[in-house]
Structures are given as C-alpha cells and as structure tokens.
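Given chain F's structure and the hints, the job is docking chain X onto it.
Chain order of the listed sequences is F and X. By this note's numbering, the letter at position 256 of the first sequence is numbered 256, and the numbering carries on one by one without gaps. By this note's numbering, the letter at position 201 of the second sequence is numbered 201, and the numbering carries on one by one without gaps.
Treat the hints as calculated values from the structure; they're not laboratory data. Positions of the beta carbon are idealized from the N, C-alpha and C atoms, including for glycine. Hints may contain errors.
Stated by the list, open to error - Think about it this way: if two alpha-carbon atoms lie no more than 25 Å apart in a straight line, the pair counts; the simulated PhoX-like pairs of lysine-lysine are:
1) X:172 with F:317
2) F:88 with X:171
3) F:113 with F:124
4) X:171 with F:317
5) F:88 with X:172
6) F:62 with F:124
Stated by the list, open to error - Output of the computed footprint for chain X on chain F, the stretches with three or more beta carbons under 8 Å from beta carbons of chain X:
7) 78-91
8) 275-287
9) 303-313
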Amino acid sequence: MLIKKPADIRPSEITSKENYLNRRDFIRAGSIAGASLLAGPAVGAIVPDQRRAKLADVARSKFSTIEVPNSYEDITTYNNFYEFGTGKDDPYRNALDFDPRPWSITVDGHAEKTGTFHFEDFIKPFDLEERIYRMRCVEAWSMVIPWVGISLADVVKHYQPTSKARYVAFETLHDPVRMPGQRRRVLDWPYREGLTIAEASNALPILAVGVYGETMPNQNGGPIRLVVPWKYGFKGIKSIVRIHFAEKQPQTSWNMAAAREYGFYANVNPEVDHPRWSQARERRIGAGLFAAKQPTLMFNGYGEQVAHLYDGLDLRKNY
Amino acid sequence: MNTLQKVRFVGKPLVFLLCLAPAALVVGDALEISGRLGANPVEEIQDRFGIWGIRFIMITLAVTPLRRITGWNWLLRFRRMLGLFTFFYVLMHFLNWLILDQGLLMSAIIEDLTLRPFITLGFTALLLLAAMAVTSTNGMRRRLGRRWDKLHYSAYAVGILGVWHYWWQVKKDTSDAWIYAIILAVLLGYRLWWRRRHQKNRGG
Numbered sequence: 001m002l003i004k005k006p007a008d009i010r011p012s013e014i015t016s017k018e019n020y021l022n023r024r025d026f027i028r029a030g031s032i033a034g035a036s037l038l039a040g041p042a043v044g045a046i047v048p049d050q051r052r053a054k055l056a057d058v059a060r061s062k063f064s065t066i067e068v069p070n071s072y073e074d075i076t077t078y079n080n081f082y083e084f085g086t087g088k089d090d091p092y093r094n095a096l097d098f099d100p101r102p103w104s105i106t107v108d109g110h111a112e113k114t115g116t117f118h119f120e121d122f123i124k125p126f127d128l129e130e131r132i133y134r135m136r137c138v139e140a141w142s143m144v145i146p147w148v149g150i151s152l153a154d155v156v157k158h159y160q161p162t163s164k165a166r167y168v169a170f171e172t173l174h175d176p177v178r179m180p181g182q183r184r185r186v187l188d189w190p191y192r193e194g195l196t197i198a199e200a201s202n203a204l205p206i207l208a209v210g211v212y213g214e215t216m217p218n219q220n221g222g223p224i225r226l227v228v229p230w231k232y233g234f235k236g237i238k239s240i241v242r243i244h245f246a247e248k249q250p251q252t253s254w255n256m257a258a259a260r261e262y263g264f265y266a267n268v269n270p271e272v273d274h275p276r277w278s279q280a281r282e283r284r285i286g287a288g289l290f291a292a293k294q295p296t297l298m299f300n301g302y303g304e305q306v307a308h309l310y311d312g313l314d315l316r317k318n319y
Numbered sequence: 001m002n003t004l005q006k007v008r009f010v011g012k013p014l015v016f017l018l019c020l021a022p023a024a025l026v027v028g029d030a031l032e033i034s035g036r037l038g039a040n041p042v043e044e045i046q047d048r049f050g051i052w053g054i055r056f057i058m059i060t061l062a063v064t065p066l067r068r069i070t071g072w073n074w075l076l077r078f079r080r081m082l083g084l085f086t087f088f089y090v091l092m093h094f095l096n097w098l099i100l101d102q103g104l105l106m107s108a109i110i111e112d113l114t115l116r117p118f119i120t121l122g123f124t125a126l127l128l129l130a131a132m133a134v135t136s137t138n139g140m141r142r143r144l145g146r147r148w149d150k151l152h153y154s155a156y157a158v159g160i161l162g163v164w165h166y167w168w169q170v171k172k173d174t175s176d177a178w179i180y181a182i183i184l185a186v187l188l189g190y191r192l193w194w195r196r197r198h199q200k201n202r203g204g
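Just chain F, same shape as in the assembly (with noise of 0.2 Å):
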C-alpha cells in the first residue's frame, strides 16, 4: 500500500531570515510595552499542540547571543537524532510521521515533588523565553538557534530536589513503532543523559519547547528537549519522558557508547581533542562552501557564565 506523506513544510511557509529579524524586533517592542503594562506573573507556558504553530509571551533573554541565527531549514533538515536515523536528513524525513502528542513527563527520584505530569501540566508553571544560543555539536560544526524554553533551574527549584540529589538525569521516549532508529542497536536505547545539580541549576540550560517563535519540530527533539549551550550537542537530549534526582552520576548514551571518546561533562573545549578528530575550529553550518572555520571557544563562549562550575576539576581527565 502506498501511503503518500504529506509534505512537511512548504518552501513558501519557511520564514526568512529577514523576516523573523523583524519579527522579532516587533516582538521585543511588543513584550515589553505589554510587560511594563501588566507587571504582574506571566499566564505561564503555554504550547499548543499542532506543528508549527506561532508561541505567544515569550519573553527575551539577556543570554541571547546578537549571532545571526541560521535559517529554519538548516535548523531542521541537518540533525543528529538517531531515534529517526542516523543520517543527517533521516530525522527530518522519518519524523514526519511521529505525533508528540499525548505526552507526558515523569519527575522521580530524590526530590520532595514527584509524579508523572502531562506535557501541558509540566510547562504550566514556568514562563516562555527566547534564547537564541550557539550550539556546537562533537563532529565540529556548529549553528546559531533561536531557541524557545523554560529555564531549567527553574524546573529543577519547582520539584524541591533533596540534598540527596547530586544529578539530574533524563531520559528520551524508547518506542521503536513510533521511532524507526530505535529498532536497530546502534545505542542502547533509550537515549539517556544527565548534568550535575549544579549545572542544571545554573542559569542557562533550558527545557526548550520551540524554534524560531514556533512549537518544537519533532526532528529537533519536539515536544520537549534539553539545551546546554556550552556542552557538544549530544548532550542535549530529546523528546524527554523522564527526569530523575539521582544521587550517583547517572550513565549517559554516548559515554556507554564510547567512553573514550565521549565524557560524562562534554564541555566545549577546544584544547581536548576527540581522539579522531580536532576541537579547535568548527565549521558554522549556512557560511557557504567557501567559508573558512572559524575558532571554537572554551565553553563555547559562555565561560563567564560557567566556568565557576568546574573550579579545580581537571578538564583534560573530565572530558
């Protein structure tokens, strides 16, 4: 039987670049007229649940980075996601199909609030942000994304964690029906990753739930995924079911797979090479085929921000 898959996105839907600039100008204008009139709490976050559909109150961040954010189809046709294939386009073209919806959370462990949460119910109590971050993935190449989330220190603050809980752990959906990739080994499924209390209490992480002003695509980790913007992009984790207080250093999916290559911390860090390639520069993906590499920061730029985390840690063994 021949089932035809609706297109995903037409090229006339893709908003350009300089279109979402301006938006976003009209946006930033428009939010802080609107919170200098209302100065109360936010609504809370709220996402719907169709695809691409426009976010409403999302504030700005002062995290934000003034890069030039690369376009929405470099954003979602070039992904390292093997839930849906471990091609670059795989996820993009497999996870068309895939419904994010009914969705829910699971928050366990050593912490005063637990239980298992819809999608909707978990966002609630958090207000939407833009953050638009650099994200440097392991293989060298990196992109500018506009990101929208929740903060995950605050999350992590909302479910009172006891001082038994030294880590954060999540895990992504294991559904091999709904998540073609998943029915072959190539890791040992589900996807799991996790931060130190510290690093998911810092200000930056986010629990993203969208890009470019709209809800999050599924091959970029819809409905809800982990945004650590000074951390190689395999530890931003997708399409996340569960979030465990954990009081030992839990086991992360690409450590299991290599541990060599792969740490626990994965710090952008352009002076520790992976064993088979260098660190040090890093291709920005939408700079042309003539474009040269350009240097990889420590921390990937935000060590101002991060760099107290690992006072006296060495990051050579660490990494």
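The following block gives chain X in isolation, referenced to the frame of chain F:
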C-alpha cells in the same frame, strides 16, 4: 566492428562518461541545478567523493574476478580507466579536505595527517594511487617490467586502507562500512581461492 573496436569507440567513451557522472552531480548540486548539497556542503562533497573513491576501487578490483567467471576478456581493457577514476575521486576527496575543509591551514593539515590515524590511512592510500596513476601509461609499464606488477598489486592495499579509513571515521553506525568490507573480502577472497586452485592444477 570487432570487439576491440567496439571497446575502443563505443565502450570506453560510454564508460568514461558514466564514471564522470557522480562528479558532475556534485558540481550540479553545488550550483543547485540537479539538486542540493544540504546544510553542510563541504561535508557532503567530502562524503560523496570519498564514497565514490571506495566504490571505484571495488569496481576496479571486480574486473579480474568478473573476467575469469564470464570469460569476457575485453573487460580487462577498462581496468586502467577504472583505476584512474578511483584515483580521481580519492584525489577530489583529498583536495576538498585540503582546500574547502581545512582552508589550506598548514598546521591543522599536518596535525591531522600525523595525529589522526584514519587520516594517515587515507593519505597512504592516496599516495599509492598516485604512484599507480603516474606509472599507468604503456611506456611506463614497459620500462618497469616486473616491478610494475609489484607496484600495481598495491591496488589491494588501497582497497583495505580505503575501507579501514571509512570504518574508522564513522561515529557509531558502521553498517555501510560493513557492506564495503564484505564486498572487499569477497573480491580479495576470490583471488586467494583462484590462486590456490590454479597452483594445485599446475602441480597436479
């Protein structure tokens, strides 16, 4: 036309154009005529030339087994061209890395060539291919005599180095590299088997 003429005036020009098609497609996609190179064009070009380099060494190494099995001796007349195309695709793969990827930054190039074993392997294969390409003319073959045969046995080494290089650079999903490794094992295994059988027959 006899077989020789067919090979020369029809077969060779046709095969030549066919061998050029993957490269033409890269150019066409780069100019966004035939398609697109995607979000990371430098990587896409790198991968395409690389994989065609591997495919061409496999095709070249398939000539002898095919000829022996089918008895089509005229196949041998295409072997040099196929070998030279292997060199062409591997050279393009190398030049793309040198110029577009590394931007001719000498320190980075030397670091990669010496510190990254999979790159050392690939570079060794390129040097062997270059030596074979330079000595591929009829004149060189005559002049080198027996030594020519020895040198051109390194086509086997190129196959092994190529697959090894491919295997080593893959992050996790080695399934494609496996396929090429199996094809190579069949191509080289056939030669071992044939040689043993041949020697036995001669001995008996």
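Structure-based check of each hint:
1. X:172 with F:317: Given that 25 Å is the threshold and the Cα spacing comes to 23 Å, the pair holds.
2. F:88 with X:171: Holds - the C-alpha atoms of residue 171 of chain X and residue 88 of chain F are around 12 Å apart, at most 25 Å.
3. F:113 with F:124: holds (16 Å)
4. X:171 with F:317: holds (21 Å)
5. F:88 with X:172: Between residue 88 of chain F and residue 172 of chain X the Cα gap is close to 13 Å, so the pair holds against 25 Å.
6. F:62 with F:124: holds (22 Å)
7. 78-91: holds (count 5)
8. 275-287: holds (count 8)
9. 303-313: violated (count 0)
The structure is inconsistent with hint 9 alone, although it conforms to all the rest.
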